[in-house]
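Chains as they are written, first to last, in full-length UniProt numbering: chain R, 1 to 311; chain S, 1 to 403.
Any given hint could be a false lead.
[Claimed, not checked] Looking from chain R toward chain S, a few residues come up when the C-beta cut is under 8 angstroms (computed):
1. T74
2. L148
3. L151
4. R210
[Unchecked claim] Over the 10 angstroms line for every Cβ pair with chain S, so calculated as not near, a few chain R residues:
5. K5
6. F78
7. N98
8. N136
9. T287
What the hints contain is simulated information worked out from the structure, not anything from laboratory work. For each residue, glycine too, the CB sits at the ideal point set by N, CA and C.
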Amino acid sequence: MSTLKPMPLATKISKPYWQALEQNQLKIQQCNDCDSWVFYPRNHCTACFAHELEWKEVSGEATLYSYTLTRIPTMPEFSDEMPQALAVVELKEGVRVNTTLIDIEEQDIQIGMPLKPIFDKVTADGKTLLRFTAVNNQGGERKFDNPLEGLPVNDKGQVQVPVSNLSALYALADNKFTEWSNSIEVDQTLINAFADLSGDDYWLHTDPERAKVESPFKTTIAHGSLVQVLQSRLTIALPFEIVGFNTMVNYGSNRLRFPAPVPAGSIIHGRSKVKDVSTSHKGVQLTLEMNIHVQGNDKPSVINDLVILYR
Amino acid sequence: MGLAGNAAIVGAAQYKPEKYQTAPQMFHLEQVADLAHKALTDAGLHKNDLDGLVINGPHFHEASVFVPAMAAEYLGIEVNFAEVVDLGGCTAVAQVWRAAMAIEMGLCQAVLCVIPARMAPLGPTEDPAWMAQAMRFGGHSTAFGAPEAEFDLPYGHMGQNTGYAMIAQRYAAQYGYDKSAMAKIAVDQRFNAQYHQDAIFNGKDLSIEDVLASKLVADPLHVLEIVMPVAGGAAVIVASKELAQRAKKRPAFVTGFGERLSFKSPSYAKDMTVTPVAEAAKRAFNMAGLSPKDMHAAQIYDCYTITVLLSLEDAGFVPKGEGQRFIKEHNLTFKGDFPLNTHGGQLSFGQSAAAGGYSQVIEAFDQISNSAQARQLSGCDNVFVSGTGGVMSEQGALILQGG
């Protein structure tokens, strides 16, 4: 089972480091007491224990301390980087950094070689990893290489992602909601029809007179499971289409919640986002978080983490 | 400073290394009791002789805290000394000297040192897929704020293989690299494994060509230079001199030890090619009043061939940079002039998680106590043992001597 590549989570201690990288700057800490450089970020100097560190911009000039080329990916989601050129790099200031080398031919990698930094944008919103390359290469910013770009688009304007293109699949999980779907009304007639069909004719759903007096909502509300299935009437404009699979299976749900009621007569609409993409021996598993809201209500009435399996 | 040599390993037990898929599944507490019984039987001592317990904490199945108390309760023993050791592959060596120290301080007279490493049975609601997911990052922490989660994993730096590979590459750049010398470490140890029935590779020959033809995992390491994880588990009984006189076998006295660590990722070592065992071994030899040339065997922790090379050099058996020449010039088998990992090493015996380090400790005890059967060395009195955890991060050394 594999999911997205692990991403750094900045802490209150390391935040200046990651923020600087996003601005194509390398900042590391120096001790105001003993002048030692410190990496990775801490609140204290590892040489003298003083808590007087200052962030300083450095050039990123470095030499290669050691490296290895992997012939088996260290994690399955790094299979698009094979061979991974894992490296330990020593900055001019003397501190070492775990990183990867890019754009150097295998036979040209030499321990001790001079290197310069690459500010590699790894997400569309500018998250940056620090990589290194040979001094003769172009350094500086490396633009986000969106794996979805250049893929064909169908007649609905959806980018067609082959189920075999792992990096493109991973790029779908950007945690961004689609636009809202069309809207539909959930009226008492619809609720009554669902009560007949399901056998759930509890008064809270079917008796407007009693609900007016006894319900905390002062009206009948739709069954949670009714609102859940109404998803089929909502046209969600997914920006992608998965292609190139043999079978697509609705694998069920990882999470189903009904956080807010849908009073009879409400107008609902929905939207979704790709929450996770993972691969396993079963195939590619896409988790689509579907949210249905009463129009104007920030709190969703249905949260459904749908799991779709492609193989 | 240090030990007077008044505590000894007097008994041992070790599960035969087996593949996880086919090994018996037992609760860790159940293994602790079973291994304790076997080790006490080996020593000729009784449960009520035990008054100390040293156990592993991480990966203990039935508890993550209060492990010694739970184990003492389960065993039905009362102890004056309880300790958890969390030093990866160095845990075995570290458990033994802690036990010896406690005995010499008069805290206790017989200490059970134990690491269960068979899988526990899954509970009715436990999902094996969930466990696989939990194991995904190996020994790497993914906790918020863990330096490796923030600065290593996003770059794909994960696992032991690539760390050891980078150490080997750095060594190669400084001193040169002789692939066939490195392969010979695995080959000579495989020879030894043919004389240990429990070794996972018993009955399977290995040549230098086989090693070099095996798959490259991370340059320059081939798959046959890397240990195979197996299910297992081990225990030893460390006892006072007085109790040792009652033991069935010749005791192996702990006369020297050393321990050293200062980083988890070797990227932050002062010099990647000078390993922590350098300091650990120096202390151990000084404490014992012996030197490497006094050793009749070396049981060197061998998660990778590169670990053996660097340990031989840094522990003082051969000068820095000359290890590969030494390996080629010497027969490292139990029949040779430099008996190394006479049980096959973990490379050929199998690595049962942290208990793998006990394969070296127990082989030293077997040789000293004349229990090594077909691979018995003659006149084996002094044995050097090393342990290594993490990525050459935490290392320890023991000097064991026959009484």
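We went through each hint and held it up to the structure:
Given hint, R:T74 at the interface with chain S, holds; its Cβ is 4 angstroms from that chain's nearest Cβ, closer than 8 angstroms. Taken as an interface hint, R:L148 does not check out: its beta carbon lies about 21 angstroms from the nearest beta carbon of chain S, beyond 8 angstroms. Annotation: interface hint on R:L151 violated; nearest CB of chain S at approximately 25 angstroms, more than 8 angstroms. Checking R:R210 against chain S by beta carbon gives a least distance of about 41 angstroms; that is not within 8 angstroms, so the hint is violated.
The claim that R:K5 is not at the interface with chain S is violated, since a C-beta of that chain comes within 10 angstroms of its own (minimum 7 angstroms). The claim that R:F78 lies off the interface is violated: its Cβ sits roughly 4 angstroms from the closest Cβ of chain S, which falls inside the 10 angstroms cut-off. For R:N98, the shortest C-beta to C-beta distance to chain S comes to about 5 angstroms, within the 10 angstroms cut-off, and the non-interface label is violated. Every beta carbon of chain S lies more than 10 angstroms from that of R:N136, the smallest distance being close to 21 angstroms; the non-interface claim holds.
With a least CB separation of 14 angstroms from chain S, R:T287 remains clear of the 10 angstroms interface cut-off, as annotated.
Going down the numbered hints, you'll see the structure goes against 2, 3, 4, 5, 6, 7, while the others check out.
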